[in-house]
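Student: In case you want the letters, here they are:
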Amino acid sequence: MDLNFTTEDQAFREEVRSFLRDHLPSEVRHKVLNGLPLERDDYLAWQHALHARGWGGPSWPAEFGGTGWTAVEQYIFDEACAEAGAPRLVPFGLKMVATVIMAFGNKTQQERFLPPILAGTEWWCQGYSEPGAGSDLASVKTRAVRDGDHYVVNGQKTWTTLGQYADWIFCLVRTDADAKPQRGISFLLIDMKSPGITVRPIITMDGSHEVNEVWLEDVRVPVENLIGEENRGWTYAKFLLGHERTNIAGIGTAKRELARLKRIAASETRHGLPLLEDPLFSAEVARVEIELMALEITNLRVLSAEAENKAPGPEASILKIKGSEIQQRLLELMTEAIGPHALPFDRDAMTAGYQGDYPLDAYARTPTWQYLNLRKLTIYGGSNEIQRNIISQMILGL
Amino acid sequence: MDFSFTEEQNMLVDTAERFVSKEYGFETRNRIIASETGMSETVWQGLADLGLLALLVPEEDGGLNAGPVETMLVMSALGKGLLVEPYLASAVMSTRAIATLASPDQRGEWLERMLGGELIVAFAHDELGTRHEPLAIETRATRIGAGYLLDGRKSVIRHASQAGMLLVSALVEDGVALFALDRDTPGVRLAGYPSVDGARAADVFLEQVYLPESRRLGQGDASDALLAVLDTGLAALCGEALGVLQRSLDTTIEYARTRKQFGVPIGKFQALQHRMADMLIHVEQARSMTYLAAVRALDGDAARRATALSAAKVVVGEACRFVGQQAVQIHGGMGVTDELDISHCFKRLFAIEKTFGSTLDHLDHYRRTLAA
Numbered sequence: 001m002d003l004n005f006t007t008e009d010q011a012f013r014e015e016v017r018s019f020l021r022d023h024l025p026s027e028v029r030h031k032v033l034n035g036l037p038l039e040r041d042d043y044l045a046w047q048h049a050l051h052a053r054g055w056g057g058p059s060w061p062a063e064f065g066g067t068g069w070t071a072v073e074q075y076i077f078d079e080a081c082a083e084a085g086a087p088r089l090v091p092f093g094l095k096m097v098a099t100v101i102m103a104f105g106n107k108t109q110q111e112r113f114l115p116p117i118l119a120g121t122e123w124w125c126q127g128y129s130e131p132g133a134g135s136d137l138a139s140v141k142t143r144a145v146r147d148g149d150h151y152v153v154n155g156q157k158t159w160t161t162l163g164q165y166a167d168w169i170f171c172l173v174r175t176d177a178d179a180k181p182q183r184g185i186s187f188l189l190i191d192m193k194s195p196g197i198t199v200r201p202i203i204t205m206d207g208s209h210e211v212n213e214v215w216l217e218d219v220r221v222p223v224e225n226l227i228g229e230e231n232r233g234w235t236y237a238k239f240l241l242g243h244e245r246t247n248i249a250g251i252g253t254a255k256r257e258l259a260r261l262k263r264i265a266a267s268e269t270r271h272g273l274p275l276l277e278d279p280l281f282s283a284e285v286a287r288v289e290i291e292l293m294a295l296e297i298t299n300l301r302v303l304s305a306e307a308e309n310k311a312p313g314p315e316a317s318i319l320k321i322k323g324s325e326i327q328q329r330l331l332e333l334m335t336e337a338i339g340p341h342a343l344p345f346d347r348d349a350m351t352a353g354y355q356g357d358y359p360l361d362a363y364a365r366t367p368t369w370q371y372l373n374l375r376k377l378t379i380y381g382g383s384n385e386i387q388r389n390i391i392s393q394m395i396l397g398l
Numbered sequence: 001m002d003f004s005f006t007e008e009q010n011m012l013v014d015t016a017e018r019f020v021s022k023e024y025g026f027e028t029r030n031r032i033i034a035s036e037t038g039m040s041e042t043v044w045q046g047l048a049d050l051g052l053l054a055l056l057v058p059e060e061d062g063g064l065n066a067g068p069v070e071t072m073l074v075m076s077a078l079g080k081g082l083l084v085e086p087y088l089a090s091a092v093m094s095t096r097a098i099a100t101l102a103s104p105d106q107r108g109e110w111l112e113r114m115l116g117g118e119l120i121v122a123f124a125h126d127e128l129g130t131r132h133e134p135l136a137i138e139t140r141a142t143r144i145g146a147g148y149l150l151d152g153r154k155s156v157i158r159h160a161s162q163a164g165m166l167l168v169s170a171l172v173e174d175g176v177a178l179f180a181l182d183r184d185t186p187g188v189r190l191a192g193y194p195s196v197d198g199a200r201a202a203d204v205f206l207e208q209v210y211l212p213e214s215r216r217l218g219q220g221d222a223s224d225a226l227l228a229v230l231d232t233g234l235a236a237l238c239g240e241a242l243g244v245l246q247r248s249l250d251t252t253i254e255y256a257r258t259r260k261q262f263g264v265p266i267g268k269f270q271a272l273q274h275r276m277a278d279m280l281i282h283v284e285q286a287r288s289m290t291y292l293a294a295v296r297a298l299d300g301d302a303a304r305r306a307t308a309l310s311a312a313k314v315v316v317g318e319a320c321r322f323v324g325q326q327a328v329q330i331h332g333g334m335g336v337t338d339e340l341d342i343s344h345c346f347k348r349l350f351a352i353e354k355t356f357g358s359t360l361d362h363l364d365h366y367r368r369t370l371a372a
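From first to last, the protein sequence lines are chains A and B. Numbers 1 to 398, taken from UniProt numbering, label the letters of the first sequence in order. Numbers 1 to 372, taken from UniProt numbering, label the letters of the second sequence in order.
Only chain A is shown next, with the shape it has when bound in the complex (with noise of 0.2 Å):
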């Protein structure tokens, strides 16, 4: 047993940093070291400054332009990525619809679809969750009729984040209502700018614009953007499912975050102590980081069993879960260390280059907001309670 990475892993994580030194842009890197919200074009500009490395495809095989990095190696990357305050990629295209091209698309959808996601060229949003399906995808009720060479496509989608910059959304429809319900479902790519679109905002509670609706009516798809075979989608849905988990635990980001509530806790001071060596408030970011400790080495076993061709498996349930709970944790303690300045909510004062009479130290200004905004952690990607059903029946057995 040993837990080190080889030099050779060693080596490729400098080469990581050393990248991100020079070319993540620093009003980006800015941004996310400090909490501020982040816009399309932050996204965009480390898309592009990746792929002008030949890094755009962290997750993908060569033959497609990928990387072709093992699981190890792009959790290193992430990992590095995260800590030094790189954007996340948007999973969309990248790590979701491109994954499905690559598995059931033919060499047409391939050609088309897979170099302006690699490019940053094209926006994806993801048409899986609807007002009656949330952690229950099965139930999809929008419907794609053919008609011709078209399916015209009637429905609404909900929860579909960052849509509002979209290109393209895939979707799940039911193009059989007389099938079982995982039978009649089937995988279509739709251009965001089809007639009978509407995307509408969803405000979170945080004040973001982050998750849309989307309507669809009367939309027209040619049948040529159906991936697979017609009522094969829900195979294609489950096998994704079982592929966007190797960052699933979000060990970097967790890193970072630490890093942020103990200089925060370093600052801020009770009793004339700082908080973090004020005994009660160390002891609870002691517990955090050892359980992120923990859930490290957790991690890298998963990695390490997939490496040996083990099936990935339901631990990564175990990953998200605690992942997900050690985000909020650190973000709950950061509220808690700045005390009544959690409380002040001006929204423009989050921005970066803000500079109005705001009377409160910078780092005050965004755990709020980002404690309000990542209450979305342990509901999205199958919910957390999802999860410990997986554990219960694929683990447990029960």
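These are computed hints drawn from the structure, not numbers from a lab. Treat the hints with caution; some may be incorrect.
[To be verified] List time: in silico SDA-like cross-link candidates among lysine to any residue, alpha-carbon distance up to 20 Å: (1) A:376 - A:203; (2) A:262 - B:371; (3) A:255 - B:372; (4) A:255 - A:29; (5) B:260 - A:393; (6) A:262 - B:370; (7) B:268 - B:333; (8) B:354 - A:287; (9) B:268 - A:395; (10) B:354 - A:283.
A quick note: this is a predicted structure, and the numbers were derived from the prediction, not measured.
Knowing the structure of chain A, use the given hints to seat chain B on it.
Tutor: Quick look at chain B alone, frame taken from chain A:
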């Protein structure tokens, strides 16, 4: 990065697990606990015959010279059987102390008898006020002629009454020293009692106990060696915890699959499923930190080693409490009876959480390193 075990390590696990399942059933264990000595000579000899008592003994002394990973694996297998024999005290901690500190003559005198099963050695270090301040020792060894006079009180020393010899830590002029003390040395008094988990323990009172120089292990201040032995013990204890945790989880899942209420197995109730999912998460996090403890147990940087081990004990300790409590809860009324083995798992987990510093003691140690 490699989480796999070697073929030899897997065989070791096999050997230990087969021994436990064959020789250490629940009924057998109950008889052992109720017996006068509180341990089984047969079991101890069995462990010796399998070579398990020689695990940490250096090769030149006839042992296997195995490391912390092997120790963790064996401890975990023994943990599954809730073994009450003095493996941790004698075959792990005392053996390591003697192997690192003792002179060739002393090693020759003790190690061969220890690995053969003839000599059991208790590790008499803890005192009333030490909690998790390992060097807060008050027992004194005052030089007198060619030897020492020992005075002090060692508290809750596991297996003291079963041991032929005790390793006692004491303050000397130039720091801390370890002494090897025969149990029947004049001036040694034991106040023995059963421990909550079925093992035997005692407070050891030392009053003007004379020991010749030949009974001191090593020269000069032995603080570093003592800390290393305690950390070896802590890492091994985490390994044992893992075995008890796994048994508790497995037993609970089996119970939930078979026990029916309202016409269905209680494992079909989501409230209980989620509880067991959380138990599994605790066990897996504890497993990760137990691996870390094993890998760091020999780190020469004592401060770094102590921090890693404290982190491990926090995660393992939390797991002991959560898994133990929920295992009993899910067993319902049967869970609180002496008749089912789950209550015995509960008590061992309770004891482990309080051994070598509790969760809170280690959390306190860890949090003090944050501002540094």
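Student: Compare the structure with each hint and give your call.
Tutor: Hints, verified against the model:
Using a Cα cut-off of 20 Å, the hinted pair residue 376 of chain A and residue 203 of chain A holds, with the two alpha carbons roughly 13 Å apart. Between the alpha carbons of residue 262 of chain A and residue 371 of chain B the distance comes to roughly 9 Å, so the proposed pair stays at or under 20 Å and holds. Of the pairs offered as hints, the one joining residue 255 of chain A and residue 372 of chain B holds, with about 18 Å between alpha carbons and a cut-off of 20 Å not exceeded. Distance check on the hinted pair: residue 255 of chain A and residue 29 of chain A sit about 15 Å apart at the alpha-carbon level, within 20 Å; holds.
For the hint linking residue 260 of chain B to residue 393 of chain A, the alpha-carbon distance of about 18 Å falls within 20 Å, and the restraint holds. In summary, the hint linking residue 262 of chain A to residue 370 of chain B is supported, as the alpha carbons are separated by about 8 Å, within the 20 Å threshold. Distance hint between residue 268 of chain B and residue 333 of chain B is fulfilled; the C-alpha atoms sit about 19 Å from each other, no more than 20 Å. Proximity of residue 354 of chain B to residue 287 of chain A is assessed by CA-CA distance (about 18 Å); at most 20 Å being required, the pair is judged to hold.
The straight-line distance between the Cα atoms of residue 268 of chain B and residue 395 of chain A is roughly 14 Å, inside the 20 Å bound, and the hint therefore holds. With a C-alpha separation of about 18 Å, the suggested pair residue 354 of chain B and residue 283 of chain A falls inside the 20 Å cut-off, and the hint holds.
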